[in-house]
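Please construct the entire structure, taking both the sequences and the accompanying hints into account.
Protein chains in written order, with the working numbering: chain A, 1 to 285; chain B, 1 to 272.
Since the hints were derived computationally from the structure, they do not count as laboratory data.
Computed from a prediction, not measured in an experiment: that's the story for all the values here.
No residue lacks a Cβ here, since even glycine has one placed at the ideal position from N, Cα and C.
The hints are all genuine.
Taking beta-carbon pairs under 10 Å as the criterion, some of the chain A residues facing chain B (in silico): (1) Pro-73; (2) Val-255; (3) Arg-270.
With the C-beta cut set under 10 Å, the calculated list includes, among others, these residues of chain B facing chain A: (4) Leu-93; (5) Arg-124; (6) Arg-170; (7) Ala-211; (8) Leu-220.
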Amino acid sequence: MDWISRQFPTRVVALLPVAIAINIVLGATVQQALKLPIYLDSIGTILVGVLAGPLAGLVTGVLSNLIWGYLLPAPIGSTTIGPFAIVAGVIGLLAGLWGRMGLFRDRSGETSGSSIGGAVVALGLVAVLAFYTYTRAYADPETYASTTFFDPATFDQSRILFLVVMAAFVGLIAWSLFLRRDLGAVYAVASGLVTGIAAAIVSAPISAIVFGGVTGGGTDLLVAAFRAGGASLLEATLQQGLLADPLDKMVTSFVVFFVLANLSRRVVARFPNGERLLGRGASTE
Amino acid sequence: MTAAAGPATRDRLPDFVRRPPSGRYRSLSPATKLVAGLAQAVVAFTLGSWSGPLLVLGLVLATAAAAGVLRPLARVAAVTLPILASMVVINGLLFPGATDVVARIGPLAPSPSGVLFGAQAATRLLAMSLALALVYLTTEVDDLLADLERRGLGRRAAFVVGAALDTVPRMVERAGEIVDAQRSRGLDTQGRFWRRARGVVPLAAPLIFGALNEVEERTLALEARAFSAPVRRTALRTLVELPAERWARWLLAAAALGATALRLAGPAAMLP
Chain A
1 MDWISRQFPT
11 RVVALLPVAI
21 AINIVLGATV
31 QQALKLPIYL
41 DSIGTILVGV
51 LAGPLAGLVT
61 GVLSNLIWGY
71 LLPAPIGSTT
81 IGPFAIVAGV
91 IGLLAGLWGR
101 MGLFRDRSGE
111 TSGSSIGGAV
121 VALGLVAVLA
131 FYTYTRAYAD
141 PETYASTTFF
151 DPATFDQSRI
161 LFLVVMAAFV
171 GLIAWSLFLR
181 RDLGAVYAVA
191 SGLVTGIAAA
201 IVSAPISAIV
211 FGGVTGGGTD
221 LLVAAFRAGG
231 ASLLEATLQQ
241 GLLADPLDKM
251 VTSFVVFFVL
261 ANLSRRVVAR
271 FPNGERLLGR
281 GASTE
Chain B
1 MTAAAGPATR
11 DRLPDFVRRP
21 PSGRYRSLSP
31 ATKLVAGLAQ
41 AVVAFTLGSW
51 SGPLLVLGLV
61 LATAAAAGVL
71 RPLARVAAVT
81 LPILASMVVI
91 NGLLFPGATD
101 VVARIGPLAP
111 SPSGVLFGAQ
121 AATRLLAMSL
131 ALALVYLTTE
141 VDDLLADLER
151 RGLGRRAAFV
161 VGAALDTVPR
171 MVERAGEIVD
181 AQRSRGLDTQ
191 GRFWRRARGV
201 VPLAAPLIFG
211 ALNEVEERTL
221 ALEARAFSAP
231 VRRTALRTLV
241 ELPAERWARW
251 LLAAAALGAT
261 ALRLAGPAAM
271 LP
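Structure follows, in structure tokens:
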């Protein structure tokens, strides 16, 4: 009980409605108005998870989708969002864990050996995993079919989407390292990649079973493309998810990282997880 | 929470939110209507491929007609329509593993079994969506939250849901103001895709930071009103409910559980 109540002081209770509204307003704009192939509906969820803890993140995600789906009137409210509440909860839960591990800590101005070493290790891990996955799963259509259980006909598409996700990862990291000169974003973007893969795996069966693979957002085109390439329904939604979710969560984690870095230290420090998010105090207000 | 919202927010709320409960279905206790909506959503998903969804659609339409909310319900259905249509079209044209393909036009392979699959998934989704939409069309959110709080939902949870519902329209309003402000400084919001995409940051950043700065004030306001005081609060609204409603809720819950059990055991999947 103590573990639970420590994640919900009055400050966090006041933050939750704001975070939920950010999720809904930005998500509705991006998905329903702009029809972009990403979602941007979990900035509030990841923010709360990182600031307050895993349980608070989970609650934010689940409530966002339920309110968006079933309590808001029609122009914004959309009943198709509701079933994805489980996915949003998982995203918030993971964000809480990353926050606890200090992956969203402000590292601007940090040039110590251990910090650079950590970033190198994080990058190396992603690189090794990516290389391992690529050589194991994408060597040739037969091994692809036997390791992923996907239809060999989807080999080329799947390989392209894997490369797109990795290129976006490298691009975001390069941008943050060379233009912002900030090591912390490396950790945040890497955590977004992991969150995105988890979200894709959780959401694929939901969009396949509940919606027949069609959810009305910009990503429907991707599902249609994968199915035209011969994938089954679950395969197509999983492949769509594995393309859209990691991209979306990397961008979202990146945004959250910069929001936290630009909030005043006083505000961040008062949240339950605040101490794990602040740098060494080198930066001045 | 709605009472605290400004006049601009109140006028924007659709009229069904403010109408006092009248009529037999509307005056049922909010918890009963919530349980009914959830039970129907479960049944639509578990019972057969056509029988469950059609049964639930029939029930929902009958209830809506009795409660006089057919028109707003039709509006909800209209919002879902594009998704339902694309479910039928995409499945009809690209159904994996279809054996009865009519013609092949490039990657498209229209098949009757695909159309049937799409139509069935669309009906199920429509039944589920309308069953849950009926809950908020016939219940004031404040009443629902008050009722759930009385039944043991924490005060914090009730506050979060109520405040979030209030914050969304205000934030939409604020987003409009920010767009106008940035446009007056020369931001292009109408142009081509990349132009619009570059406009996202100057729109989202003030929205997010403005909202987060508000949290501090809200915290102080809540604490000044003894939000975290460890005492039991008294209710401003009291809700009456018929003794039979208690039984109705248990029956509905049992029906939903029964349908799920039948599905898992097998017989419900065999229904048409």
